[in-house]
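K.L.:
If you want the building blocks of each chain, they are given just below.
Protein chains: 2
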Amino acid sequence: MYTEIKGGITAPKGFKAAGVQAGIKKSGKHDVAVIYSTVPASVAGVCTTNTMAAAPVAVSRLAFESGIASAIVVNSGCANACTGEQGLSDANAMAQITADLLSIPKEDVLVASTGIIGVTLPMEKVTAGIKAAVAQLGPDEQDYSTLAIMTTDTFQKHCAYEFELGGVPVRIAGIAKGSGMIHPNMATMLAFITTDAAIAPALLKQALTDAVNVSFNMISVDGDTSTNDMATVLANGLAGNKKIETKNEDYAAFTKILTEVCIYLAKQIVVDGEGATKFLELNVTGAASFADAKKTAMAIAKSPLVKTAFFGEDANWGRILCAVGYSEAAADPTKISLSIGDLTIVKQGLGAPIDELELKKIMAEHDIRVVVDLGLGQAEATMWTCDFSYEYVKINGEYHT
Amino acid sequence: MYTEIKGGITAPKGFKAAGVQAGIKKSGKHDVAVIYSTVPASVAGVCTTNTMAAAPVAVSRLAFESGIASAIVVNSGCANACTGEQGLSDANAMAQITADLLSIPKEDVLVASTGIIGVTLPMEKVTAGIKAAVAQLGPDEQDYSTLAIMTTDTFQKHCAYEFELGGVPVRIAGIAKGSGMIHPNMATMLAFITTDAAIAPALLKQALTDAVNVSFNMISVDGDTSTNDMATVLANGLAGNKKIETKNEDYAAFTKILTEVCIYLAKQIVVDGEGATKFLELNVTGAASFADAKKTAMAIAKSPLVKTAFFGEDANWGRILCAVGYSEAAADPTKISLSIGDLTIVKQGLGAPIDELELKKIMAEHDIRVVVDLGLGQAEATMWTCDFSYEYVKINGEYHT
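Quick mapping for you: the protein sequence lines, in order, are chains V and W. Under the UniProt record's numbering, think of the first position of the first sequence as 1, with each following residue one higher. Under the UniProt record's numbering, think of the first position of the second sequence as 1, with each following residue one higher.
Hint data in this document are derived by calculation from the structure and do not stem from the laboratory. As the structure is a computational prediction, the values presented were derived from the model and not from experiment. Backbone N, C-alpha and C fix where the C-beta goes; we use that ideal spot for every residue, glycine too. A few of these clues could be false.
Quick partial rundown of chain W residues pointing at chain V, CB under 7 angstroms, derived from the structure [claimed, not checked]: (1) M52; (2) S226; (3) G351.
Chain V extracted, bound-state conformation (with noise of 0.2 angstroms):
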C-alpha cells in the first residue's frame, strides 16, 4: 500500500535538489542538475555492462562499492564516454568540484553523463553549472533536475510515493530519462531514486538488483545498450524507521515499493521511446525457465519486423512466431498459444478463427497487450516494448554528430 505524493524527487526527506541551464545542450535547456542528502546515505547501484563503459560510470563505481554517498552530479548533452583519459579526469572533477561545494568527501559524490559519444565535457561550462545547481540547492518544486538529464526525451518522467514501515511513514521518489538506446542492462538511461529509509547498503542494494531486473532490464526500445547508463537509489535513513538490516517484513515491503518504482519509470521510458506510437506489454508464460521465457519476449520485443507490423496496425502474429523461433529458448511449433488483447490468435501453433473487426480495434489501441504461451513449463516473463515508426527513423537519422 502507498499513496502518490507531490514533491519530486525532493519529496523524501533531507533531499534537495536544482537544475540549471549551463549551455552544455545547443538547444540552451536544462543540462545540469546536483541531488543532495543532507545526511550521507545508503547508495546501490546497477551500472550499464558494455565493455566501452563512459568515465562517469567508472567514479559511480566507486561510491557505489563504498556503500555511502551524498550527492549526484549529472550532465546531459554529452555522454563523456569514449573519451580516454580525459574523460576519465573530468569525471573525476566534476565529482571533486561537487564535493568541495558541498563540503563532503568525493568518494561520496555520484557523477552520470548523457548525450553524444565521442566528444569530451566543455568543463567551463560544466563547473559553472555545477556552482549555480549547488547555489540553489533545495525542493526542487519546479523538477528542473528531471529537466536537467533528459535527451530526446519528450516529457519528464517521475514519481513520488509515500508508504509505511512499522508504521513509520517513509518517501521515496524517482527520477528517469531515457527514450533512444533502450535495452536491457542498462541501456541510455538514467534513474536516480531518493528515499528517507533507513537500510543496510548490502540490502539496498539487493532489493535494487531484484527491482531493476524485473523493469529497467525488462525494457527495450530499440536493442542496443549504452556506454552510460545506470540506476542508483540514496537512502538516508531521515524518516526514521527502524532501519533494515535483515530480509525482514520491512525489508519485504521496500522493496515491493521500490520496484514499483522502477516498473513505474520503466514503462514511461519506453511510452517516450523514440518516435513510438504503440506501447507493448509482452507477456510470455508456460516456458521451461525463466531465462527462457525473457528470450522469448526479449526476441519479440527486438524484431524490427515484429515493432514495424504493430506500427502498421497489423495483427501479424508469424512474424511473432518467427521471433520466437530463433530466440534460442525452448518451443515447440504444436504447442504455442497466442493472443493479443482479449482474442486467442493461435491456438497449440495454428491460426484461431478470429473476429477482424475486434482485432482492428485492439490493433488500433496505443496499448497493447500480446500473450505467448509456449505450452511447456510454468515460468513467465513480462517486458515493454514500443513499436518502430516512421518517427524512429527521423529522429536518428537527423540527430546528427
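Please build the complex by placing chain W on the supplied structure of chain V, with the hints as guidance.
P.N.:
Leaving out everything else, chain W in the frame of chain V:
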C-alpha cells in the same frame, strides 16, 4: 579463376528450370518454379535454425540426409509455416506431385516456400502451377524461375560462372531471393545453386557449409532469422571432371568458386534489403577470436541506431563503439580503432582529427566500408548489411497479412 557466363540457373549441363504464374501471389506474378537435373545429383543443404521451421524445410531435410536429389519445387506468396499437420501434408504433396510428373522418387525432390506465415497453401493452384512448370521445363532463358521465388525483392539475384577442375570446364550457377527477415543462420532467404561438377555428397555438404558461413551467415538486414529458409546445391557430375571424393586441389578450387557464388548472392540480398539506401561492408579485425570478430560485426550490423545513422549519412562513431561494447566480444576501449572508407575516425579509443568534407563525401556514397580494429588479436570477420530507412518501416508496416 572463373569467367561469368550466360544461361542462368540452367547454365550447367543437364539442368532445366521453369517458373510460372500459379495465382498464389495476389499480384498475379510468377510464384511456382521447378528446377530439375536430368540425372540424379549430389545434394547438400543448409536450413534455418528457427524452432518454428516451416513444413517444406522438414521435407527437404530428408533429401539432404540421403545426399541425392534431382529436383527442387518452390513457391512464393505463402511460406507454409506455422501450418501444422496440414502444412506438412501439403509440403509432402508438392514433392509427390513433382516426383510423379518427373518419374523420380519423391525423396529426390526438395521443397521450399516463402511468403506469408500462418496461412495454408492453396493446393489447387499449387498443383496446377507445378504441372505447368514441369511442362515448360527447359533452359529458362527468361529467368522465370528467379522471378518465381521473389517476394518483396525488387530485382532478380542470379549468377553463373565457368571454371576448370583438372582441365575440364565446369559450370556453376545460383539464384537467390530475400530482402527482409534477413539475418544469419538462414533468414527469409532461399538460394538454389546448380553445378555440373562431380563431387561426393559429403564433400559437397562440407563445401556448402564453409561457403555459407562466410556469405549467407554474414549478412543482416533486420536481425530476423526466418522460418523457411535454405541454401542448397545440386551437383550432377555431367561436366565429366574427375569426381571429387577427397579434400584435394579440385575440392579447394570448387569450394572457392562455390563461396564466390554464395558471397555474390548474399551481397545482392543486402543490396536489395527492404528500403536499403546504403550497402555497408563491416570488417572487424584484430579480434581475439573469429567468434568475437563475428559477434562484434553482428552487433554493429543489427544496431538500429547505427543503421539509421548511416541512412542519415552521419558518421556517428559513438553508436558503432557502443554496439561493439555490448556485443559480448572481448574489447578494450583504449585499443579500438575505426575507419570509414579511407578515413581513420577513431584511434585507440579516441576520436581522430578528420577531414569533415572528405567524410561527408564518403558517407554520401552508396557503398561504404567500415573497419573496426579491436587491437587485441589476429582474428577477423566480414559482414554485409544495409541501413534502416523510412522505406523499411513503410514496407513492413504496410505489408499486411
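K.L.:
Take the hints in turn and mark each one as holding or not.
P.N.:
Taking the hints in turn, this is what the structure says about them:
A least Cβ separation of about 3 angstroms between W:M52 and chain V falls short of the 7 angstroms threshold, and the interface hint therefore holds. The beta carbon of W:S226 is positioned within 7 angstroms of a beta carbon in chain V (closest approach about 6 angstroms), and the interface hint is therefore held. For the restraint placing W:G351 at the interface with chain V, the shortest Cβ-Cβ distance is roughly 5 angstroms, inside the 7 angstroms limit, so the hint holds.
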